[in-house]
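Participant: In case you want the letters, here they are:
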Amino acid sequence: MKISILGNSTGRGRRTSAAVALGAALALTATACGDDGGGAGGGGAEGSGKGKIVFWDNNGGVRTDIWKQIIADFEKANPDIDVQYVGIASTEYQSKVDTAIQADGLPDVGGISASMLAGFAAQGALDPLDDRLEKSPLNGKLNKDMIESLRAAGGGDDKLYSVPTSANNGVLYYRTDLFRKAGLEEPTTWDRFFEAAEKLTDKGGNKFGYTIRGGAGSIAQALDAMYGQSGITSFWDSTGKKTTVNDPKNVAALEKYAALFKKVTPAADLNNDFTKMVAQWDSGEIGMLNHNLGSYQDHVKALGADKFRGIPQPVGPDGKRVQVSNPVDGVGLFKSSKNKEAAWKFIEFATSAQSSSKFNESAGQVPAHLDAAKSDWIAKAEPTKLAAEALTDGSTTIVQLPYYLPDWNTLSKAESEPNFQKVLLGDMSAKDFLDGLAEKLNEAQAEWDEQMG
Amino acid sequence: MITKEATVAAPAPLPAAPEPPRPARKRRRAWDEAPRWQIYLPLGIYLVFTLIPFYWILLFALRPAGSTSLVPWPMTTVHFEKVWTDRGFGTFFYNSVLVGVVTLLMTTLVALAGGYALARFDFKVKRAFMLALLCSQFVPGALLLVPLFEIFAGLQLINSLVSVIIAETVFQLPLSMILISNFIKNVPYSLEEAAWVDGCNRFRAFRVVVLPLLRPGLIAVGSFAFVHSWNHFLFALMFLNNQEKQTIPVGLNTLMSADSVDLGALAAGGIIAAVPVVIVFAFIQKWLITGFSAGAVKG
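Chains as they are written, first to last, in full-length UniProt numbering: chain C, 1 to 453; chain P, 1 to 299.
No wet-lab data here; the hints were simulated from the structure. Watch out, some of these pointers could steer you wrong.
[What the hints assert, rightly or not] No more than 20 Å apart at the CA atoms, straight line, and that leaves these computed lysine to aspartate or glutamate pairs for DMTMM-like: (1) C:301 x P:81; (2) C:256 x C:191; (3) C:301 x P:86; (4) C:413 x C:92; (5) C:68 x P:244; (6) C:338 x P:150; (7) C:144 x C:130; (8) P:82 x C:439; (9) C:335 x P:86; (10) C:52 x P:244; (11) C:68 x P:150; (12) C:422 x C:439.
When you get a sec, could you build the whole thing from the sequences and use the hints?
Facilitator: Here's what the structure looks like:
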């Protein structure tokens, strides 16, 4: 008996097998030419001040272009140093750095904001920069408040682990065209804010007064609204051991704020992260939005500069403005870098007046370098100008959030965001939510105090 | 002569037995008689719900930034140009294709060999091995990130696409191997034996007799491997530290910064990421359904 398919397919089968094997071999060869990319391992070293360094951007994407420009300028000024840029999405940065710390694969330089600093410093991943800064031309040229904010957010040892590049600030964006049409005054006070939110809402016409952040990142925004209304100016009471988040004034403020949900906001706001929130504000007819300076350019692109304004948060009944702190951003030097001299040169350049001005003009944020803060572009970017004034002219009290607590990110995100959604839905009272949060914060603070002796 | 039988009157014909019911035909008739709207209205509603998100993505990708029009007119390709050139999606696309194709080839080849062994040979720890293969599916990739990172760093493979290909292949092999072994079990052993009688060795018998019959299974396993590695984010994010070596999912992620997002670019990037998968599924859906159902029947 002969099997008919034998003769027919043998030649083709052999050719296919050979092609598959060759393809796999070629592809593997083509992809095998990688290098380790990370700067590091072991204890690190000063190095020669030349050669390659790796920089991980903690907010890759929209900022990639401006970082590449700064890197090109740096390489022109320092032809012996080659900077490899790696843009990492902000949502993934912490997990990537944490993995790299465990697996000894850190870069030389990284973007380090106050919100992540405590965790990285606690793992001993960062080099203290006080001595380098003292000897640098940057000394005395950087915003002292931002330096102190980063110092406080560090490991509790009063050392500076990140050189500030910029500060962000909460902004109330409102549609000037809709306000004008409805005959409303600028929402500079909380009373005007609530009044406008109601008057601009026409659910049948799919028009809303406000869009609330109910999804990822909701807690910082809710805290801003709470402290802004209550006028409480410190996150901790006078003993420093008990948080003020569940103060009765804050509870009342949160109740009022959460009651806006579905009354003057779209029902879909329950899952709003900043992307959805900004997208629906930019493409619909919603009167007001709370976000930060970072989305200003998106609004300009979508609406045009003359259809909206971005102003600092409203003032309370006593005429005082209280806002919670936004994490200061900066760049840090990883301890495992084997080329610290070159890495520090890059940090110095990236935080210099010229680079700081370029970077912050693109990001729409407040520059940390004092000379950059006087740049002409700031006068033209209204929200940035107003935020810079609010942060420096004494009109605003900033409630410093406890970024130094290693548990802060978990407490203010994974553990609290689902409960805040329950508050919005009416399944949990504002008091229960804030009492629960306060209990965890007090425990975290006590643990911190114990560790710090 | 007239026989007795002849004189007897012929019996009256028996009443015809009632025809057995034909449920299939009746069902078809009932189906045919149903008003069209009862069929097409639910399908239409379902289709609208399914397609609206895709339309929305197309809308954002094709209309100019700032437009609130509900139709993509005037149409622009500026977002596609931006992500393809400025944001490096051309490079990401090439890397993703490379990772996807090589993972497909490696997964299929190794799963074929392993699946054949599981289907045709008996060995002492076979049941335990099968159980281990199944259990490996419960281990999330994130749990193994640090050890994998250290292994690849030791092999100088961090920042090389090889690390991603190996990790993807290894994670997809257990399920692929089980599926292939089930396909091979469905091919009668006697066919191979006949080939041996005709002078083939085991490998040749497998190649010329069994392999052609495994086409649906190979397509199912291969496409599954390709699509999974095409969409997978974690390994590429963790093992690749160079913009020039990143893949589409990582690139898409970087289109959203902490407080700013370019929706047009994001939508265009999403379409670039989705097109190859849609094309793959459009061409192989028949084989895919056949393959997975055949592979899943026998355990």
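Participant: If a hint holds in the structure, say so; if it does not, say that too.
Facilitator: Here is how each hint holds up against the structure:
1. C:301 x P:81: Cα-Cα ~18 Å, so holds.
2. C:256 x C:191: Judged against 20 Å, a Cα distance of about 11 Å means the pair holds.
3. C:301 x P:86: 18 Å, holds
4. C:413 x C:92: With a Cα-Cα distance of about 15 Å, the restraint between residue 413 (chain C) and residue 92 (chain C) holds, given a limit of 20 Å.
5. C:68 x P:244: Measuring from Cα to Cα gives roughly 14 Å; hence the hint holds.
6. C:338 x P:150: 19 Å, holds
7. C:144 x C:130: Judged against 20 Å, a Cα distance of about 13 Å means the pair holds.
8. P:82 x C:439: With a Cα-Cα distance of about 48 Å, the restraint between residue 82 (chain P) and residue 439 (chain C) is violated, given a limit of 20 Å.
9. C:335 x P:86: 33 Å, violated
10. C:52 x P:244: 16 Å, holds
11. C:68 x P:150: 30 Å, violated
12. C:422 x C:439: Within the cut-off at roughly 18 Å; holds.
In summary, the structure is inconsistent with hints 8, 9, 11 from the numbered list given earlier, while agreeing with the others.
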